[in-house]
Each structure stands twice: as C-alpha cells, then as structure tokens.
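First to last, the protein sequences are chains A and B. The UniProt record's numbering numbers the first residue of the first sequence as 1 and each following residue consecutively. The UniProt record's numbering numbers the first residue of the second sequence as 1 and each following residue consecutively.
In short, the hints are calculated from the structure, not lab data. For each residue, glycine too, the CB sits at the ideal point set by N, CA and C. Hints may be right or wrong, so weigh each one.
To be verified - Only some residues are given here: those of chain B computed to face chain A with a beta carbon under 10 Å:
1) Asn50
2) Arg52
3) Arg194
4) Lys201
5) Phe203
6) Lys210
7) Ala211
Said to hold, decoys possible - Footprint (simulated), chain B over chain A, 3 or more residues, beta carbon under 8 Å:
8) 276-282
9) 285-298
10) 353-365
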Amino acid sequence: MTQAPILEIHGLSKAFGPVKALSDVQFELKRGEIHALCGENGAGKSTLMNMIAGVLQPDQGDILIDGTRVSIPSPAAAQRLGIALVHQEIALCQDATVAENIYMAAINARRMPLMNFQKLYADAQKVMDLLAPIPVRTKVADLSISNQQLVEIAKALTLDCKVLMLDEPTAALTESEAQRLFSIVRGLQERGISVIYISHRMAEIFSLCDRVTVFRDGHYVATDPIKAVSPDDVVRKMVGREITQLYPDKLAPKEPGRLLLSVNGLSDGSRFTDVNLQLRAGEILGIGGLIGAGRSEIAQTICGLRPATAGTVALDGQGLRIRNYSDAVKAGLVYLSEDRKGSGVFLDMPIAANISALDLSKLTGTLGLLDRKAEDRQAAEMTKRLGVRMAGIGAAVSTLSGGNQQKVAIAKQLSVEPRVIIMDEPTRGIDVGAKVEIHQLLRQLAGKGVGIVVISSELPELIGLCDRVMVVREGRIAGELAADELGEEAIIMLASGVQNSSNQQKQAQNVA
Amino acid sequence: MHADIKAPSEARRINFARLASMREAGLIVIILALCIAMSFASPHFLTWGNFRAMLMSFSIEGIVVVGMTILLIVGGIDLSVGSVVCFSMVVSGALFLAGLDPWTASLIGIGVSALIGAAMGFFVTVVGLNHFITSLAAMVIVRGMCLVITKGTPLSLFTLPPAFKAIGQGSFNNIPYVIMIFVVVVAIFDFLLRRATAFRKVFYTGSNEKAAQFSGIKTRQVKFWVTVLCSTLAGLAGVIYMARFGAATPTFGAGMELNIIAAAVIGGASLNGGSGTIFGAILGMALLSVVTSSLILLDVSVYWQDMIKGCILLAAVSIDHFLHRKKS
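Start from the sequences and build out the full structure, keeping to the hints where you can.
As structure tokens, this is what we get:
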C-alpha cells in the first residue's frame, strides 16, 4: 500500500454554465515527487487545483488520497486531508505580523481568550526558519513580495500538509529569490511532502520537477518523466491546437505604412529597462510576455500614466514631451486599461458620460458649460458604430455585459480620434462574439491608418490578430517576431526564456 | 439619423437622473406630508412667520451644505466646516474692530477660509492623507485659532454699519436678504454641477478615481479645488452669520458639520463619492429643519430632538444602502 500514489484523479469534469473547464481529466501524484502541471491560460490548471483544495466541487469523477476515495467539500476539509494550496496572489493580512499570519488558522480555531505571543513567536520562527531567516515579529507589509510569498508557503507548512500545491510561485520573484525557493521546495521533497508545481517557465520545470503533466483546453494530454521529454515537446503538447476563432485579414506585407510611433531607450527605473519600439501607420503590433513581465508598465509609461526615468517617445517623427496622460491624449496617443472595472469605466455613470470622459473640451461650449446634445450625439454615434447592446445611452455602464462595457471603454478612446491606440488585454474576460467584433474593429481602424498596439496574454489573439509581435521578459524586450515567424511555440520560448532547441537542456542545467 | 439620436436621449431622460430624482421626489413628499400633518397639530406651523424662521435657520447652513455636497461627490468629506465658519466670522470681526471697513474685513475672512481649504487640499493631494483625518485635525486647529484670536471671549460687533448688518438682518418686500443669497448660491451651484464641464470632472473623480486618471483627468487638482471651494463657502456663511448676529463667538458652529453632512447624505450624496445633488441636499436640510421646528412647536423636549434627527439619518442611509445593494 505504501506504493499507492498520494493523490489520484480519475475522470474529473467541471463545467461553468455552458463552458467546459475540465473534461474527463486524470492526474497522479506520487509520494515525495515534484510534479509540474503545464498548460496555457484557460487550460484548466487552476480549476483542478481549486477542486483539490476544496474551493470548487467536481461535476463528475473521483479524487483519491492514499488510494481512498474522498470528497473535499470545503477548504477546511482539504486542510484536514493534508492538502495545502499557495495561490498565485498573496493573501496575507498586511498589518499583522508574520507569526500571526502563519498561525492564522490555528489562532482562529483556538478557544482561549488570550494570546500566548511568546509561544506563537517561538513556534512561528521554527516554521519560518525552515524556509528563510525572516523575523516573525515583522509586519507583513514591511516584507518584500518574495518574502511574503515565503510566508504564504510557511503558512501552508503549519497545516502539516502532505500535498503542497504551488500556483506560479515565482511570478513575483527575482531570479535569485526563485533559486532560493527551489532549494526550499527540494527540502520539502526530502521531508516527504509531495508538490504540484504550476509554472509557465520551462527552465524552472526542467530544473526542479520529476514529472510533467500537460493539460490543453480542459483535457488531459500526457504525463511524462521530465528526463524523457524536452521543453520543445512540452510546449508542443501545450499548444497543439488549431486556431478556431476567426481573425480578420492581416496587413498585406508589401505595404508598410510610414513610421508613426517610435520609442527609444525607455526605462522607468524599476520594472523595465531600455525599451525600443517602432510602430507603423496601419499596423497592429502585438506585445506578448508573461503576466508581470512589465508589459502594462511599458505601455502606461509611453502614455505618461507612469513616470519615465530615461528614453524618448516620438509621434510622426516629432519628439513628444509627455508630462501626464492628457498630454498624450492631446498628441493622439491613448491607452486602454487592462483592468476594465477598476480603471477602464465609470460603472455607476451613464454610457454617454463614460464615452466623453477622455476629452470634455470638444463638448464644452461657451462659459464652460457641457453641451449635452453634442454629448448625446457623440454617444449615439459611437455606440452605433461599435454595436453596443444597451437600454439607452443614459443607462449606467454597470447594467451592460462585460463585452459591451469593454466596447464603451473603447468608444471612449475612439472619441478623440487617436492616431495610436495601445490596448492592454482588449478582450480579456469577454464573450467570443464581442471578441470577434473588437478584432474586426481594430483591423478596420488600422486600415484607416491608425497605429495599434495590442498587449495580450492570449497567444491565439497575438498570432491571429497582429502583424508583428514583440515579447517582453522581465522588463526587457526579449525578441521580435515578424508575421511569418509568428507561432505559439516561438512566443512561449521568448516569454519563458528558452532561446532555442539546441541549448535549452544546457540552460536548464545551468539554472539547476 | 435624426430618429436614431432622439431615441437614446429620451432614454437618458428616463435613466440618467432616475435614482436622484426619485430620492428628491420622495423627500418632497415626506416634507409635504410632515407640513400637512403639522398644520393640523399646530396653528402656528402654517404661517409665513414660522416658514420665514425655518428658512432663515437653514439658509446660512445651506450655503455650507452646497460646498459639502460637492466635496462628498468627489469622494471627500470636511469635518472642519463648523470651525471655518467661526474662523471667518472671528477674523472678519477682529479686523473690523481693528479699524478695517467691514466689507474688506469680510473679504479677508472669506480669503483666509479659502486658504484653510488650500492647506487641507495640500495635505490630501500632495502629502496623501485622507480627507477625514485632515479635516478632523483642521477642525481642532482652526477652532483653537478662533479661541486664540478672541482670547476666548465673544467679539461684540454692534458698531457694524447698518448697510452691512442688513445682509443678515434686512429684507426686501418681506423676503430676507439671507434667503435671497441662499437661493442664488444654491441655484448657481446646482446649475453648474449639472451642466459645467469642470464639475463633471468632480463626478468622474468621485465615481472612479483611477478611471478618471486613465481618462487624463488631473484628479488631484480636482480634489484640491473642491476642498478649497467647500472652505470658501463656509467662509462666506461665516461673514453672513456675523452680519446676522452682530457678534463673533469663538465657540460658534461647533457640531455644525454633523448636521451638514447628515443633510447632504439624506439628500442622496454618497460617502463613497460619485453621486449627489445640491437640490437633494437642500431638501435634506429642509427635512431636518421641518422636523426640528415641528418638535419645538409640539413642545417635545430638546433632549429628544437630536435622537430623532439621528434616527432620520440612519433611516436615510439604510434606504440608500439597500437601493445600492440591489443595483449591484
């Protein structure tokens, strides 16, 4: 019985409404192994993790722990079974000490009215020291992001777990911090803890893990010992799919427009360095890269939404002096935020007011009064052009679906007739119909000579929509792919730092 | 094309201000109902004398409510208005006693009130403190300044020229100037808030500050100037009070801020910013005033009055909470 895998998944399915997130997947975690789980965004990795951690309930299928079928109705039940999940996002109480955070679950369960801080600090320090010498009396807010990540892991360890799931733990870590995390994970392995490790970075997977399982579009693809495959194989298994969505026709390669936007040596002193970028009129340029690579920061800095420490931005050959975003808007350079609800739209305000927010001056008559008729006219025109489905332009944006909210946000950008539009994740979280419409709109705009930059984490979107793709890795331009070089593998390799097939094994070993 | 444009603008009329106008209509109904009930309960209620007294009692505070409402819409709050009203009064009064003519003294009083607003605006937008704490500190500091200037004793200003006193005490065709000033201030700012581009930015900033920044709106400037406006209007109210009372008391206006915030919130201003109307806030003020007047006429002990006003505030905020929760 000791040979039974600690965790087995058989025929697990989960649907969210009409969307099948997982269909009939299987997974096996051996005792004391580090098992990588790979797949694109939307492949179903997080759904599986959440079901194992008791956050979600499967529609069908079995979860076996130590060979016994179990049901995991809640996160607390998962803890009792010895399963711990470290989320990608840090969820700590920033104002509490490290020790209080580590033992939060235990403190919560205690019946004693008073805290024994002496014992709390001593116990917490013991756990923390296994990972790193972080003083447990420190407030979490005073720790670096990477140390906070380590506190999250320490918290998981106090639950006396047998299975530890790490969801992209290195997303926020620097290279050296990641290295420290790897040695910690290996230490856990030696203590007999089994680890499920989710990551997009091939080098990490190949230096750390024993086996790798690949999911694609909610289906199980394969499980292999890491020694039997190459990063190329894994990437191919992750991708291996046709692009089924319709994308508009691309720019004919023979007619590149004049140089429209040119960014030289742009740095912000923290998140990215020495970024160069050229955009031609009528072109859709894609920017790819992992989440947290610095793509949004670059775009926001170009538009004056964040301060730059070095570099120049020129539009139509003329150097721009952008001190703030309204300077950029005046020059014809607009930015669509990736966080639609947080910074894209005014949810409780009418559609018409949302669309006019970017440039009120052209709707302002004498005496500084707003011309409401002109505002309504503009809103009526823009919503018609973008096909916004709504009760009326007076309706609050919160009454619209995600796709239509996004169209309102785009209408706002278009209302100033921009020359360059930078769109950050323009189709994130919206339905396929609206997505296709937005893609067609972008191509139409490009046809009229507007320069468009699309930042996207969705590889099919980058490949299907863009004429050219630049990939950002850790705040630098990792490479650029022309139309005929575009492919999911090529982008993933640039984004995850695997240069080419011949030296990747060597690189993996170097990292180790 | 013409038909296309007409349809949506009709929809705007229905939807745009629906929540706000529902609230305003509701308040009017409640106020009217109270008035009718009171006219049966007390023969003194439905007289011009009583109405004039009620209007006088909230006219000057109403000017402060205007500024507070705009500040609430931008997502701020100002606890210092009571102190600033008093400060404007005390500074103008002291300057008059020092020999300045009362008009210049009043302008200086309003000016220093604006400076207090600018100082709070600085701490909010440049230093990065929040409005609540900043204005709490200002409330105490400015009150302290009033006590320092007057050495704790009221300034007697009976020597104010009659032309100046008339602002607070005189009337034209039996309509007090105070009420006229109040109506003019309310009309101007209600109109501007609905129509002026500059005030539209106040709504954007209060509704979603980040989205406003991402629309090129300089939200820090917006917040700064609204803070200054609120203090300036408090300063204006201060000099009118001086003209009305012919005195400047260093403890005047203590606790006024709560009444004013309550009125604005009952009138539909949200403490989360992004919504509110001047008209609604004035109705809120009117409701509180009618209630107070009713309680006095019904001979209810003063000790009950605050309690009842507090309950009205709680009820208004609860209704607001449920309306918003339903929406999301």
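Task: chain A contact restraint for Lys210(B) - C-beta distance below 10 Å - done: holds, 4 Å
Task: Minimum beta-carbon distance criterion (10 Å), Arg194(B) to chain A - done: holds, 9 Å
Open item on the list: Quick check on Asn50(B) please, does its C-beta sit within 10 Å of some C-beta on chain A?
Closed with: violated, 38 Å
Open item on the list: Given a cut of 10 Å on the nearest C-beta pair, is the interface hint for Arg52(B) held or broken against chain A?
Closed with: Interface hint status for Arg52(B): violated (34 Å vs cutoff 10 Å).
Open item on the list: Quick check: do three or more residues in the segment 353-365 of chain A have a beta carbon closer than 8 Å to a beta carbon of chain B?
Closed with: Three-residue rule met by the segment 353-365 of chain A, so holds; n is 8.
TODO: Please verify that hint: Ala211(B), Cβ, nearest Cβ of chain A, below 10 Å or not.
DONE: holds, 5 Å
Open item on the list: Can you verify the interface hint for Phe203(B): is its Cβ closer than 10 Å to any Cβ in chain A?
Closed with: For Phe203(B), the interface hint holds, since the closest Cβ of chain A sits about 7 Å away, which is under 10 Å.
Open item on the list: Cut-off 8 Å, C-beta pairs, minimum 3 residues; does the coverage of the segment 285-298 of chain A by chain B stand?
Closed with: Answer violated; 0 residues pass the 8 Å Cβ test.
Task: Coverage criterion applied to the segment 276-282 of chain A (partner chain B; beta-carbon cut 8 Å; 3 residues) - done: Result for this restraint: violated, n = 0.
- [ ] Identify whether the interface hint at Lys201(B) stands, where standing means a beta carbon of chain A within less than 10 Å of its own.
- [x] Hint holds; Lys201(B) Cβ to chain A Cβ min 7 Å, cut 10 Å.
Hints 1, 2, 8, 9, counting from the list given before, are not met by this structure.
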